[in-house]
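> Protein chains in written order, with the working numbering: chain A, 1 to 189; chain B, 1001 to 1100.
It is worth saying that the hints were derived from the structure and are not from the lab.
Where a beta carbon is used, it is the ideal one built from N, C-alpha and C, also for glycine.
Certain hints may be false.
[Said to hold, decoys possible] Ranges between beta-carbon positions, derived for each pair: (1) E7(A) / R1051(B): 50 to 56 Å; (2) R90(A) / R1004(B): 25 to 31 Å; (3) E1020(B) / E46(A): 44 to 50 Å; (4) R1051(B) / E46(A): 42 to 48 Å; (5) E186(A) / E1020(B): 24 to 30 Å; (6) D1024(B) / R58(A): 28 to 34 Å; (7) S44(A) / T1002(B): 44 to 50 Å; (8) E1074(B) / L85(A): 18 to 24 Å; (9) A1062(B) / D86(A): 23 to 29 Å; (10) D86(A) / R1037(B): 37 to 43 Å; (11) R178(A) / R1004(B): 22 to 28 Å.
[What the hints assert, rightly or not] Incomplete in silico selection of chain B near chain A, CB under 7 Å: (12) T1002; (13) L1009; (14) A1038; (15) V1040; (16) A1046; (17) L1050; (18) A1067; (19) A1069; (20) L1075.
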Amino acid sequence: MRPPGSEDDYWVDRVRQGDGAAMEYLFRRYVHRVFGFAHAMLRSREDAEEVVTDTFLRVFRFAPELRGEGSFEGWLLRIARNLCLDRLRRPRLLTLPLEELGEATSLLTPVDQVDRTALRYLVEAALDRLPEEYRVALILRDVQGLSARETAEVLGKGETALRSLHQRARRALREALRALEEEDGEAAE
Amino acid sequence: MTCRDVLPLTGNYIDGELPEETCDHLQRHLLRCGSCRAEVDGLRMAVDVLRAATTPAVPSEAFIQSALATLAEELDIATVPAVPPGQLVLGIGTGRPSAD
């Protein structure tokens, strides 16, 4: 991510002056990152698209000084994260039944030999058991590949605190995967 | 290096972010400590499974075009003629502030 006062600020200013080309430039520059994050959080293309649009609308509407310290990308992802969490706290019409895990793979099976859909369901069910903050840290760090500093910025934490949180999140994921595997084994007996 | 020293470093070890000397000490400990080895293997497996199952999704070009139209309308911004992204970047690059 870029430091404050970077060229992104210049383009945001151009957008606020009504420059459509600047808006498209910034949108295309960051849409993949924001969409990938929102989709991983919400698991719905439609919901992720709405979050992306709302995120950029807010960013272009709000005065840059409201951003505070940090990069433009970090600000974008903070807003996207809050919008995702708002949606996740609403009553959900559709949830993934654990029975769908069916013949989900053993963790001891090589990843490239298993049914990818079953693996995805297994991981989604495990992520559902984790606190929101753990999920965000895992998605940003391990799925999207943000650095510890960048992830800390999105979560509003110091880098040391983020590293500790991320470590706890990985352990919690491991335990959730193991628990699901055991439950699946018991159900199959 | 003891188990107490190793546990806080396992995340950085998995991510390849440890200094070489610390990494060597940690690996020597793992060779003789099954408990820490299991900790590292379990974490690495969880991260591998997470990454294998959640490839970042990519937005469609149709959505990008639709979202840009929505943003332009909501923000009252005049739309620009559609041009390939590569040309667009080059085109607006001429107005960039200097690095000074």
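> Could you run down the list of hints and mark each one as holding or not?
Cross-check of the supplied hints:
Remark: the range hint 50 to 56 Å for E7(A) to R1051(B) is contradicted by a beta-carbon distance near 31 Å. Distance hint check for R90(A) and R1004(B): the Cβ-Cβ separation is about 43 Å, which falls outside the suggested range of 25 to 31 Å. The hint said 44 to 50 Å for the Cβ distance between E1020(B) and E46(A), and at roughly 47 Å that hint holds. Separation of R1051(B) from E46(A) is about 25 Å and departs from the stated range, judged on CB atoms against 42 to 48 Å.
For E186(A) and E1020(B), the Cβ-Cβ distance of about 45 Å falls outside the hinted range of 24 to 30 Å, so the restraint is violated. Taken as a hint, the range 28 to 34 Å is violated for the pair D1024(B) and R58(A), whose Cβ atoms sit roughly 48 Å apart. Between S44(A) and T1002(B) the Cβ separation comes to about 46 Å, which falls inside the hinted range of 44 to 50 Å. Roughly 23 Å separates the CB atoms of E1074(B) and L85(A), a value that falls within the hinted 18 to 24 Å.
A1062(B) and D86(A) have their C-beta atoms about 26 Å apart, which keeps the hinted 23 to 29 Å range intact. A beta carbon spacing of about 42 Å between D86(A) and R1037(B) agrees with the range 37 to 43 Å that was offered as a hint. Evaluation of the 22 to 28 Å hint for R178(A) and R1004(B) yields a pass: the beta carbon distance comes to about 24 Å. For T1002(B), the shortest C-beta to C-beta distance to chain A is roughly 18 Å, which exceeds 7 Å, and the interface hint is violated.
The interface hint given for L1009(B) is violated, since its Cβ lies 9 Å from the closest Cβ of chain A, which is over the 7 Å cut-off. Contact between A1038(B) and chain A, as hinted, is not supported at the beta carbon level, the nearest pair being about 11 Å apart and thus beyond 7 Å. Interface hint at V1040(B): violated, since its Cβ lies 11 Å from the closest Cβ of chain A, which is beyond the 7 Å cut-off. Taking 7 Å as the C-beta contact cut-off toward chain A, the hint placing A1046(B) at the interface holds, the least distance being around 4 Å.
Against a cut-off of 7 Å between C-beta atoms, the interface hint on L1050(B) holds, since the closest Cβ of chain A lies about 5 Å away. With a least beta-carbon distance of about 5 Å to chain A, the hint placing A1067(B) at the interface is held under the 7 Å criterion. The interface hint given for A1069(B) is violated, since its Cβ lies 10 Å from the closest Cβ of chain A, which is over the 7 Å cut-off. The interface hint given for L1075(B) is met, as the beta carbon of that residue sits about 6 Å from the closest beta carbon of chain A, less than 7 Å.
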